[in-house]
Structure formats: structure tokens, C-alpha cells
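Protein chains: 2
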Amino acid sequence: MAELTDGRIYNFNPGPATLPVEVLREVQSEMLNFNGSGMSILEISHRAKQYDEVHNAAKADILTLMNLGDDYDVLFIQGGASLQFAMVAMNFATAANKGNYILSGNFAERAYDEAKILGVGEIAASSKEGGYRHIPTQDEIKLTSDAAYLHICMNNTIYGTEYHYVPQTGEVPLIADMSSDMLSRPLDFGKFSLIYAGVQKNLGPAGVVMVVAKKSFIENSPATLPTMLRYNTFLKKNSLYNTPPAFCIYTVGKVAKWIKDNGGLAAMQERNKKKASVVYDAIDNSDGFYKGHADKDSRSLMNVTFRLPSEELEKKFVAEALEHKLGGVKGHRSVGGMRASIYNAMPFEGCERLAAFMNDFRKKN
Amino acid sequence: MAELTDGRIYNFNPGPATLPVEVLREVQSEMLNFNGSGMSILEISHRAKQYDEVHNAAKADILTLMNLGDDYDVLFIQGGASLQFAMVAMNFATAANKGNYILSGNFAERAYDEAKILGVGEIAASSKEGGYRHIPTQDEIKLTSDAAYLHICMNNTIYGTEYHYVPQTGEVPLIADMSSDMLSRPLDFGKFSLIYAGVQKNLGPAGVVMVVAKKSFIENSPATLPTMLRYNTFLKKNSLYNTPPAFCIYTVGKVAKWIKDNGGLAAMQERNKKKASVVYDAIDNSDGFYKGHADKDSRSLMNVTFRLPSEELEKKFVAEALEHKLGGVKGHRSVGGMRASIYNAMPFEGCERLAAFMNDFRKKN
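Protein chains in written order, with this note's numbering: chain W, 1 to 365; chain X, 1 to 365.
Just so you know, not all the hints are guaranteed correct.
Identical copies go unnamed one by one, so any copy, or any two together, can satisfy a pair.
[Said to hold, decoys possible] Distance condition first, Cα-Cα at most 20 Å in a straight line; then the derived EDC-like pairs of lysine to aspartate or glutamate:
id : residue 1 : residue 2
1  : K191      : E129
2  : K363      : D71
3  : K257      : E312
4  : K325      : E30
5  : K260      : D188
6  : K215      : D113
7  : K260      : E22
8  : K236      : E312
9  : K49       : E320
10 : K142      : D70
11 : K191      : E22
12 : K116      : E219
13 : K191      : D139
Keep in mind the hints are simulated off the structure, nothing from the lab.
Just need the whole structure built from these sequences, with the hints factored in.
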């Protein structure tokens, strides 16, 4: 899976992000006629048998990868994680039972902000001070009494930090935004009441959020909410209450199958650790030329963030990287510097080439 | 554009529905490397210049086709028309200024239902009695005093009826769901304050709603609403507040360009009239073998609905049609019988072949 073909480059974008080239080739080959239907997957009715198989196979593969049983279900919802920020608060929190939030980065904050708009959010912990360099520890978490849930953002794309533990919350349901590390490693997913992930980072094209939830947690949604904002609408109707974003789900299904075919989450984790370590090594062995943003114990396996000695050198780095077919390495404006996003689909060879370029660039500058 | 290639069939599905084969071929050819970027359009950052051009060109082409100036804007929102039903009510209606609704079919009802959940909806006219066979006339419309808006569903996919006039509402803003006939004919779009269309019927793959609205109508959204449910979030951020459904927008852009290249809305209307008339003629000249559902003066140019003498014959019709490479002709369960959806991308030859098959089937049965 490593060789660059078709004029392609190694794509370190944070999302939308690189996808397995094998998946893209399949999508391409089926574009005019899906599975003998005489129609493109873009043209098939969401009530047709051909689509039904795609939809349900994707769901089944996701639950298998996560090692979850049928007390969980997979929902496909539109609107991005940003709409989930609101739906979580609308479905589960009230002024009496507030949602509790750990602030660990930009998207964690935005989730809290949506609860605040509705007057139902509280901060349970924060690492904002110091610039979100670490993930709050278990000891830092202070839940309010009668908390409706604890919400965390598992991986912080912009800052390059990631939880390496699952918070203990006792009886309080745990909800996680896993947009940027979903299906990148095995976890005890059964500890979570609801997980959501905008798929455009690690799992597919922008346009669908994968929600994996305990059925009992989502079966009763407030009847005062609009139909499309109730989780139980999607649960009851197998995410087919209205036309789903079929192409995105179809592609996510192919990516899930690709993960299975490549050894599942344990193999992904092993590969991702190996990939991340060559890039972090290039930082750590640079005599301070590259400075990582995240504290070492909070480092993300998905997004490696680092600065160079000057903004001028950072600009030069981006331009020269692209000449070496290394694209999308510019960091987010709020942190500055570089960010290499190395999701599941980034091959080891891409990270190796990036590390070699980093070493070379350092010597020349 | 008429010949069937690649094992494709004529696809009369109501949505997701047939797309121009030229567009599908372009999508296919660019799947691994978009515009020299070295990445698929599925993998490109929504903040990248390459995506920006796609996004803004699609918007510009849509406004040009609709003959609208820069007092209007195009927004791309996820969640389908079903979420628009709720957003319209949440953004514009209150208990004091209720949204007014014309019930002309299933989706018109659903839009009203969402307003009802919020306690802000009133019925201004209805053709439910008699099974939605006609579009309510101007005389039938009774607006409440202080109506926040009048909402109509321009084309009723399930029943095969379509507005052939634009309701006059005086000072009351007019809002229309045009999911199933958007960009199929010229209209005085400037009479509408807000138009929305799930693109999966006439304009692209499922996963995005195109909203075309008067800027002044949507620039102030209630600050009590979640960010993603305010129209002005999309207006202020050029629909890039969060990651947009990039692939859907990219494909919609290609379809808009295809419409322009094929003569614009006037040419589409002419072609669509010609297409519809061969199918309606097959009904009208069948000595009552085929019975149209819609009253003649309310007939849709997009969805032709009809029954056969028995359900047994209807089943046989569906099966034999498919053998003639005519797919997706089964009607919706609430009307029964047949429905031939003949959106912009259905070539004349598809309608001709359907009409020939209908004549032949009638003679044999």
C-alpha cells in the first residue's frame, strides 16, 4: 500500500484526510455501475436491497471491529461533530442535570459552548491554561452532583494530544467525541454510553457522523425535540428515517472492511505507534530544532504537532515538504508551526519519508 | 447523452436518482487525483484553495442559473430537507407569528409536523382530502394574521403533483421546499425569501441540502439556537463553519455546470415538458388501462404517477420493465401503482422507451 501512483502525494491533512488508495480504486471502479445494478451508488434508492446490504454491512463491521454486542447500535447522522455537540446537550442534559465537560482543546470547548447556549453545561476539568499541552488526568476531574454525563474529546487534532486512559465516571454516562481517532486502536468501548465521530479524519469522506451508542441510553429522546435531532429517530429507523448520505456510508463501509482486512484495531494500533514514533523521534533527536507542542505523556498517535525555530523556517518547511510529495503539513493557526496527521490510512513509508525530510531540513537550516 | 453504456439502465428512481452520465465519468476520472492536487476530492482539506474554487464555483453557477443577484446567497447544509423542516420553524416562527403551511403531499405535511412539535404551525390550505390529487389554488390559501411565512412544497414526489404558479403572499415571506424540482425550469425565484432542496433528486448525491435565500431574510438568527441550526452561521461562514459535505457539493457543482452547458433552465424545461408529455400521452391514450393519480392541471413534470387495473398487473409491469432496462418504476406505498421519476438527467430516450413499453404492455395484458 505504500508506493505513490497516479501522481499522488503523501497527504498529512488533518481532515478531510488521506484514505486507503485501495478503497479509492474500488469506489472509482464502481462509479458507473454498482454491483450489477445498472446504476451508480450515487443513484440507488436508499430503500433498495443493494443499498440496504451496504448500510447494514458497514454497521456490522464497525461493531465487530469495536468488539461490541447488540446492546449497542451504529447510527449515521449528518451535520458533523458540530451538530453532535448540540444534539448531546439537547437529548441528555437539563438545567437540573447538567452535562459535564472536560476541556482539552478546541473541539472539546466547542462541545461545551453548545451546552452553554442551552444553559446546561458545566466544566469538569480543563487544560486550557498553558495552551492545551496535556490531557487532564483522572484526579483533575470534578463531576458536579447529578451530572447528566461526562463529555470528553478523545483526540485533540489541533494540539496533538490524546487520552491514553478512559476516565472513570461511576454511574455517570461517558460520552466521547472520537472524530480524530475512531477505530485507530482497541479500547474498552463498552465503557462509553455514546461515541461519535465525524468520519472525515480517519474513516471516510466528509458528510456523515458515525454514532455508536448503548441502545438503552438513546431509546427515549425528548418528544419536544424536532424529529431529526432525536437520537431515537435514528435508532428506531436504522438511520433511514430520511435519505441518508449514502455515498459517505458506502465509503465508510469500505474503510471499515479495509481495517478488518488489515488486521483490525490491534494491528492499526501497532502500525500507528510505529508510524508516530519515527516522527516523534525526528523531533526528540533534533537538539531542540523541532519543538513538540504536546507534553510527552499526552502525545497523540494521530496528529504530531511541532514548531521550528522561526516562522520563516516554518514557511520554507511547508514549501519544501511539498516538493518532496509531503502535503498538508501546515499546523492550525491557533498553535502555529507544523502538524502531521497520520491517520490509519497513512502508510508507514509516508512517515518515514517525512522523518527523513525533517532530518535533512534540520541539517541544511 | 442517450445511449446506455457500462451495463447501465434507465433509472426512474424518485431519489437518490439518475445523474448525468457525463458527470459520473468526470467524478470517476478524478477520483484518485483531483486537479493535479495529488489527492482525491475526498481527501482535500475544506480550507484548501482547490476546494475553495469548487465550492464557490458551484454557488456562482447556481445563482446564475436562477438569475439571482448578490442579494441572495447559496448555503450548503446537511441533514436533508427533514432537518430544514425544523430549521425553518426554529429560525422564523414563534407562537405569536406562526408559520403557515400548505399541505399538498407527504413532505409538505412533514414540514408542518415539525412546526407543530414546536407549537408554531398553522395550516393555510390543504388538498389532503381526496388523496392529494391537486395543488391548492391561490383562492384556497388563507393566511393567518401576522403569519411568519408561507411554506409550500413545490413538487410532490409521491403524488406526482407540482405548482404551476407561485403563490402571492403580499408582505409575508414565501418559503419553498423544491427538493424534487429544483433547477428543472425557470421561475421568478426572486419572489421567494428562502428555497431549499435536498439535492438527491435532481441535482446530486444524497448528503447536502442547497439553500438559496435572501441574505436580509437570514442574517439574524435567534442566538438561543444551537450554532448549527442557525441559518446565519452558514451565511457568515460561507457554509464553512465546520467541514462541509465536500464530495456532494463538488458533484452538485458538476451537475450545475452540466445544466448550464446544456442550455440552462429554459432548455431543461423544454426538454422536461417533452419527456413528460410522451409518458402522460401513454397514460391518456390507454383507454383507461393506465390511470393517472394527479389531476391534469396539477401534473408534475418530474414524477409521473399512475395505476394499472390490478396489483397483479402492477407487479408484472415492474418486473418486465426491468427486463427492458427500465428500473425504479414502482410507486410509493401510500399511492401504490407506478411512479416514473424523470428528473433533468433522464434522457428523452428513456421516456420514449418507457412509453413504448407501456403501450406494448397494455396491448399484451
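Tell me the numbers of any earlier hints that the structure contravenes, in ascending order. 1, 2, 3, 6, 8, 10, 11, 12
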